[in-house]
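What follows is the residue order along each chain.
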Amino acid sequence: MGSTKLILVLFCLLLIISSSSAAHKKKMQARKPCKRLVFYFHDIIYNGKNAKNATSAIVSAPAWGNRTLLAGKSHFGDVVVFDDPITLDNNLHSTLIGRAQGFYLYDKKETFTAWLGFSFVFNSTAHKGSINFAGADPLMNKTRDISVIGGTGDFFMARGIATMMTDAFEGEVYFRLCVDIKLYECW
Amino acid sequence: MGSTKLILVLFCLLLIISSSSAAHKKKMQARKPCKRLVFYFHDIIYNGKNAKNATSAIVSAPAWGNRTLLAGKSHFGDVVVFDDPITLDNNLHSTLIGRAQGFYLYDKKETFTAWLGFSFVFNSTAHKGSINFAGADPLMNKTRDISVIGGTGDFFMARGIATMMTDAFEGEVYFRLCVDIKLYECW
Amino acid sequence: MGSTKLILVLFCLLLIISSSSAAHKKKMQARKPCKRLVFYFHDIIYNGKNAKNATSAIVSAPAWGNRTLLAGKSHFGDVVVFDDPITLDNNLHSTLIGRAQGFYLYDKKETFTAWLGFSFVFNSTAHKGSINFAGADPLMNKTRDISVIGGTGDFFMARGIATMMTDAFEGEVYFRLCVDIKLYECW
Chain D
802 MGSTKLILVL FCLLLIISSS SAAHKKKMQA RKPCKRLVFY FHDIIYNGKN
852 AKNATSAIVS APAWGNRTLL AGKSHFGDVV VFDDPITLDN NLHSTLIGRA
902 QGFYLYDKKE TFTAWLGFSF VFNSTAHKGS INFAGADPLM NKTRDISVIG
952 GTGDFFMARG IATMMTDAFE GEVYFRLCVD IKLYECW
Chain V
802 MGSTKLILVL FCLLLIISSS SAAHKKKMQA RKPCKRLVFY FHDIIYNGKN
852 AKNATSAIVS APAWGNRTLL AGKSHFGDVV VFDDPITLDN NLHSTLIGRA
902 QGFYLYDKKE TFTAWLGFSF VFNSTAHKGS INFAGADPLM NKTRDISVIG
952 GTGDFFMARG IATMMTDAFE GEVYFRLCVD IKLYECW
Chain X
802 MGSTKLILVL FCLLLIISSS SAAHKKKMQA RKPCKRLVFY FHDIIYNGKN
852 AKNATSAIVS APAWGNRTLL AGKSHFGDVV VFDDPITLDN NLHSTLIGRA
902 QGFYLYDKKE TFTAWLGFSF VFNSTAHKGS INFAGADPLM NKTRDISVIG
952 GTGDFFMARG IATMMTDAFE GEVYFRLCVD IKLYECW
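Protein chains in written order, with this note's numbering: chain D, 802 to 988; chain V, 802 to 988; chain X, 802 to 988.
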């Protein structure tokens, strides 16, 4: 990993650390993860015109929505299925590390919040196996935590927390998340 | 918490305890939760007319269904996204304690059963953080258990069981669940 | 670069390096499950003509799909809700042991992969309770692992791994999975 890329990962980490609350930090200092991983993943939503590049698609919408445009009322009720590339830095075109696969759904009318169920799937010399995630994503918050609910292969029986940060957001087509995975149960 | 409210919570607890099987009780006596919380949450399904008050909406339906009316065949295949208020007692208009956010889907043609993936999201002085749930809900049973699969903030790394009871059911628009959360892993 | 920054870079680098250790693989070989169960489950997808026999139905599809035919592009975006019979052997008509209930969604355009959230629900003298599963299913692989994220009743607080194998696949209407459940946390 080049120094530029390293600095980018560091930048994400620093942002996450600096925006954690003091109380949270205290607790976290007493608990050191047995494994820690930082990745980016990139989501390009299908909008009717980008079939080639899209990595996700709206598959469900409320009665007032459709499947090529995120619905009004903060996208409440839209369900999106995704197969997103994972990279070590914030460049969509960097070496592919794995795939983030699963779904998210928007679940509030007044602001943007989501619920996620997905896996990081790895099949390289660096990592083989999967990490499974679930939880609420109040995505207007600078950082937010979801649960690592299990893992397979290199991540056999893993449990922990993943801190997510929106690293980029371009219109309603592209976003990029930085994910700081902290495992507290490693087998 | 006023005495009336306390009695209501107690009532829910008593119902849950009294309807547990003897075998289950034996096991449970030997395992005391490290944390226990009882809440109510309230679901008002969008039916095409109640846009203002609705807290949930049908977003998927089988080929024979639609998104403003729960489908025939025990609603099999209907997926509902929700953002439901959590209260300490059974009154929809009581102080908001947090939000229950996620989805449920009906998954049996012959009777009413559901599968749930959701979080309790808290952001008050009493509780900060989230509790993540998943599991089967055979909702015609008086009580049924789902899994607490993780947590964040005050509920960091939580695991346990949530016993749910339908406390009210009004037509196909409103229901209220009493949830008795028993955590057996607390960090 | 100041010395503080340099230390932070080194810290981050160490975290990334330490996470690729293979020591835990050895542990896995030494670990014996505290409970092991092998079952088959059978999925018959609704195709517009088999309403009586179908055990599952497409409830969501991307903009280019519909709910009576699995979509093109490796069924990307199709969400299927199911209530499948569980048997001890590979015969659909064998004694019913329980039901597999929940959903799967197809999440890759170039090949067949899925994401699953479901429960095995048992209510017999042999087994009472539920086992909850979540995870990625790269279904073209001969075997693949998903996570056991929790359980209730006889499977109270269970955690583990389920190895799945496609045992039969007939057109786009029927498939049968063999599931080898290995629990590593039993209460």
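Careful: at least some of the hints might be erroneous.
One copy or two, it doesn't matter: identical chains are merged, so the pair holds either way.
[Unchecked claim] Restricting the straight-line Cα-Cα distance to at most 30 Å, the calculated cross-link-like pairs of lysine-lysine (BS3-like) are:
#, residue 1, residue 2
1, Lys836, Lys853
2, Lys983, Lys853
3, Lys929, Lys850
4, Lys929, Lys874
5, Lys836, Lys983
6, Lys874, Lys943
7, Lys853, Lys929
8, Lys853, Lys833
9, Lys874, Lys836
10, Lys833, Lys943
11, Lys983, Lys850
12, Lys929, Lys836
13, Lys874, Lys833
14, Lys833, Lys983
15, Lys929, Lys983
16, Lys983, Lys874
Bear in mind the hints are in silico, worked out from the structure with no lab data behind them. This one's a predicted model, so the numbers in the text were calculated from it and none came from an experiment.
A quick look at each hint next to the structure:
1. For the homomeric pair Lys836 and Lys853, neither the shortest alpha-carbon distance inside one copy (36 Å) nor that between copies (46 Å) is at most 30 Å.
2. Taking identical chains as interchangeable, the C-alpha atoms of Lys983 and Lys853 are never at most 30 Å apart, the minima being 34 Å within one chain and 40 Å between chains.
3. For the identical chains of this complex, Lys929 and Lys850 are neighbours neither inside a copy (34 Å) nor across copies (42 Å), given an alpha-carbon limit of 30 Å.
4. Only between protomers do Lys929 and Lys874 lie at most 30 Å apart by alpha-carbon distance; the minimum there is 26 Å, versus 40 Å within a single protomer.
5. Taking identical chains as interchangeable, the C-alpha atoms of Lys836 and Lys983 lie at most 30 Å apart whether they share a chain (6 Å) or sit on different chains (23 Å).
6. Taking identical chains as interchangeable, the C-alpha atoms of Lys874 and Lys943 lie at most 30 Å apart only when both belong to the same chain, with a minimum of 21 Å there against 35 Å between chains.
7. Taking the shortest alpha-carbon separations for Lys853 and Lys929, only the intra-copy value of 28 Å comes in at or below 30 Å, while the best inter-copy value is 42 Å.
8. For the identical chains of this complex, Lys853 and Lys833 are neighbours neither inside a copy (42 Å) nor across copies (46 Å), given an alpha-carbon limit of 30 Å.
9. In this homomeric assembly, Lys874 and Lys836 never come within 30 Å of each other (Cα to Cα): the closest approach is 39 Å inside a single copy and 36 Å across copies.
10. Proximity of Lys833 and Lys943 under a CA criterion of 30 Å is satisfied intra-copy only: 22 Å inside one chain copy versus 37 Å between copies.
11. Proximity of Lys983 to Lys850 under the C-alpha cut-off of 30 Å is found in neither arrangement, the shortest distances being 37 Å within a copy and 45 Å between copies.
12. Taking identical chains as interchangeable, the C-alpha atoms of Lys929 and Lys836 lie at most 30 Å apart whether they share a chain (15 Å) or sit on different chains (25 Å).
13. Taking CA atoms no more than 30 Å apart as the test, Lys874 paired with Lys833 passes in neither setting, with 40 Å inside one copy and 43 Å between copies.
14. In the homo-oligomer, the alpha carbons of Lys833 and Lys983 lie at most 30 Å apart both inside one protomer (9 Å) and across protomers (26 Å), since each shortest distance falls under that limit.
15. For a Cα distance limit of 30 Å, the shortest separation of Lys929 from Lys983 qualifies both inside one copy, at 17 Å, and across copies, at 19 Å.
16. Within a single copy, Lys983 and Lys874 get their C-alpha atoms no closer than 33 Å, and across copies no closer than 35 Å, so neither meets the 30 Å cut-off.
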